[in-house]
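Following the hints, position chain B against chain A.
Next come the chains, spelled out residue by residue.
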Amino acid sequence: MTKRFNVVGQPLPKIDAWGKVTGDTRYTDDLVLPRMAFGKLLRSPHAHARIRAIDTTRARAVPGVYAVITGADLPRVKFGILPVSQDEEALCTEKVRMVGDAVGAVAAVDEETADRACRLIDVDYEPLPALMSIQESLAHPEVRIHEYGDGPNVHKNVALQFGDVEAAFAAADLVREDVFFYEGNTHLPMEQHAAVAHATADGKLTLWSSTQTPHYVHRLLAKILDMPAAHIRVIAAPVGGGFGGKLDPFAHEIAACRLSQLIGRPVKIACTREEVFYIHRGRHPVLMWIKTGFTRAGDITGCHLKTWLDGGAYGSYGVASTFYTGVINPVTYKMPVYKFEGARIFTNKPPCGPKRGHGTPQPRFALEVQLDKAAEQLGLDPADMRRRILVEPFTKTANHLTVTTIGLGECIDKVVEASGWRDKASRYRAAAEVETPKPLWQPRRRRGVGIACSSYMTGAGTAIYWNSMPHSGVVLRADRSGGVTVLCGATDIGQGSDSILAYLVAEVLGLDPKDVHVHPADTSLTPVDLGSYSSRVTLMCGQAAIQAAERLRAVIFKAVAAKLEVDAAALAARERKVGLPDDWDKAVDFARAVELAEAMHGVLAFAGSYAPPKRAGKYKGGGVGPSPCYSYSACVVELSVDEDTGEVELHDVWIAHDIGRALNPLLVEGQVEGSVYMGIGEAVMEAQVFRKNVHKAPSMLEYKSPTTLETPEIHTMLVETDDPEGPFGAKEAGQGPLLPVMPAIANAIYQAVGVRVDEIPITAEKVLKGLELKRQGKTARVGPDRVPLFTFKQPLVVESAFGAPAEAIAVRPFADGPS
Amino acid sequence: MNIRISLSVNGESCELLVPVHKTLLEVLREDLDLIGTKHGCELGECGTCTVLVDGAPVLSCIALPADLQEREITTVEGMADGARLHPLQQAFAELGAAQCGYCTPGILLTAKALLADDPAPTRQRIREALAGNLCRCTGYTKILDAVELAGLRMHSPRPINARPSGRGAKPQGVAPEVSLSESALRRRPDGKYE
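Chains as they are written, first to last, in the working numbering: chain A, 342 to 1160; chain B, 178 to 371.
Take these hints with a grain of salt, some might be off.
[To be verified] Under 7 Å between C-beta atoms, here's a sample of chain B residues computed to sit facing chain A:
1) I212
2) G213
3) C223
4) F269
5) A275
6) G278
7) Y279
8) A297
9) R304
10) L307
11) T315
[What the hints assert, rightly or not] Simulated restraints on C-beta separations:
12) B:M178 x A:Y489: 51 to 57 Å
13) B:T299 x A:Q783: 24 to 30 Å
14) B:I180 x A:R460: 21 to 27 Å
15) A:Y489 x B:T299: 33 to 39 Å
16) B:L220 x A:R460: 35 to 41 Å
17) B:S190 x A:P416: 48 to 54 Å
18) B:L220 x A:P1136: 48 to 54 Å
[What the hints assert, rightly or not] Selected chain B positions facing chain A (in silico; Cβ < 7 Å):
19) C191
20) T225
21) Q246
22) V253
23) E271
24) G273
25) C277
26) P282
27) P298
28) A308
29) C314
30) G316
31) K319
These aren't lab readings, by the way, just hints derived from the structure by calculation.
Beta carbons are placed, not taken as given, at the ideal position from N, Cα and C, and that holds for glycine.
Just chain A, with the same shape it has in the complex (with noise of 0.2 Å):
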């Protein structure tokens, strides 16, 4: 690490720190319009219905009614984010096809009056029967819940395979099959989605929203109102949390702007804690079947991966996730040979979607089951294991994709060592086989380590609908007070988006960040982001932004140069000044600069974009898990298991990431010990189940997430690889660190007590069955043990890429050129 820096790599707070710990930060539901009326959505109480009639008559006789609409006073247009599942309507004309499945709208005074009108809106329902998972579904291909798809109510069937298999599993010393399930959960934001519409008379229409993705939101309402997309503005306020789930349009947004134009006021629609458990968009259930072949070394020969998606009751982000809980899996471990089935199903549940680490935490969790069972036959330590089969750095992966730096040998060291995995591992194991007698007034507790990997994409290699344009873009606007201020889409959902903008534009041009003025996420002012999602606003709003300070930094440079009549190459920017460093007494100030530069070039503005490089495989479906670059985690976990009551405690966590570069250490930091958290959550307490067709805890309360006492030290180590993709080598860190908690508790459930529960979340109850299992002299195992029967499709079968060279340096649009 040779290159010097000012701004980056130093923990600096974040440029909204200061509104967020005053209470001065204006999120969705703190905005208040002039004569601002209130919204309410009702929504159905069936999981599954025909709608025979809707009659609106008695609430609009409410006082305090402004307007009433159903799906009627909406454009007959479906729609849905991905371009190739348009099944959603905001009001539903037809058919309901979930619990909470909007049907009216009404704007009145206040937010009671609303409610109460909503009330009464009569619905006529013709219930149907109600599909509630992958197996009804499947079972009953007479009940539709769409008319579209890959066969009765099979949303997706894909089917992809990389060599051969067969030959792989014939070569191997030890092939598993296993069988894995994890529960669906929810994202949980702490603020609940809210909406805020301004139709005015021009006949234009602001949306503020709490949404990840202002782009999508503003495209989709064009086509949902059926009105020019140049006369929508979309605004995201800053995001209290989203972790994917305000990546969709919604209902009360659409409804929110249709109620504004009919009544010529502002509208509030803000979602109750209940409602935004039922617009969900989360983790996939899913169930898997994965069969490896290993050598006696350790080393895999090839892997065959079955997913079964439970989708819920629409398309959202369904396809994308169908194809991730396949395609990243490679990214990590050498596999020469992958073949990969996967099929989304509907029900009649709240559909799913992403939540951090999209569709790739259920398949990691079984791959790294796995193979922490295969070391155990193979009588290998599972750290060792997997730090001898690492993917090679600058190569390719048996599926296409290309990796370039991985830092997870590094990262698998700095656990082991942090941990004190070698002692630990051997010691618990040992305790693990002998029975210490004890009273039974006391606690018999047993402690276990356990170690996982992962990896993930920083950024999707493609936009959700095929266009050529950039993923991300910056304008910057050089002010001759010396400040700088920059108009990126991007959307700070917490994260540190905004930040990250200045800290890069202030590196570059030699400022302090506080210097810099971020205006993010509004679709009239800011040049396109496509949204905070897949971990790719920092790498693609990073690099625009430098791209954007160096062609500023150019154009000052030159007038600098001019004036003190040297060479603009030598020329340096820092400390708000711009100067020669051998000769710094003479650097002018950075307001100085801009003037002279202003004199010279006219209006200092100037625009950076990225996309990023064209790397996809060239085979149908190969657009899904290419990526600039992979992010790397290695985890262990430390916990201690309750041989009377089952119960887990986590004592400690230890992560190291590959980050590529820290742009600032204090928030990657953040975003590690955020996902470990989350992932803790879904490992052991948190799981979106239905009863009688409705949601079984819909409220934070009944849905269990970890508080304080629940989360253990999370011990955080990151670890530099310098991506020659990333802004100044920057990977992601929002996702990928969640992905290996999952496992390691369960490998650490398993090396404590002897217990494999294969399914997720790993409760109290399912650990005490194992025990009760293992007392009785039974196989020690929880979860599935039977897969549905389903024709996959054909398998599209592909040459394997494997260890091939990938391309020294990428060729990447709008890389060059003018601005």
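Okay, now just chain B, sitting in the frame of chain A:
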């Protein structure tokens, strides 16, 4: 039915005419423009709406203002002393303890009550005090660090610099004057913070 009430919020008294069932959360946000108090569930489950009543944490979403007349209510807007931030606010900003920031006001006030009660709480005591405040972003680590740092700063005769924990070191050292927008964190040549 409307009711006339007088409340004392952040040291200012106010007279209000509000529906009798309107919660303290709603009155603060809608009638007094104190939007710093947030809502996460409106059922008393998540701690997001926490305010202080006579110095003790209260869930404003299930509190009725009519019950709280003659009591002193403190919201996040009342934490700073003019433009001078409360040490908790300063530490939360410096250490990245606020990510999305939505749970932050409730946590700051709960922590303020804790530090008033116990100037030097153990990490376990901080965990117990904050167990009723959910945060989905941070994994609580930086929050615990920030409460520890603020506690040390409030009760130390000399200024104390921040140092992220997780590195096995307690905050220590001498801090420069901290302005509203600058961090006291500095990175030493050996890569550690001080």
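Exercise. Among the hints numbered above, which are violated by the structure, and what are their numbers in rising order?
Worked result: 8, 15, 16, 19, 21, 27
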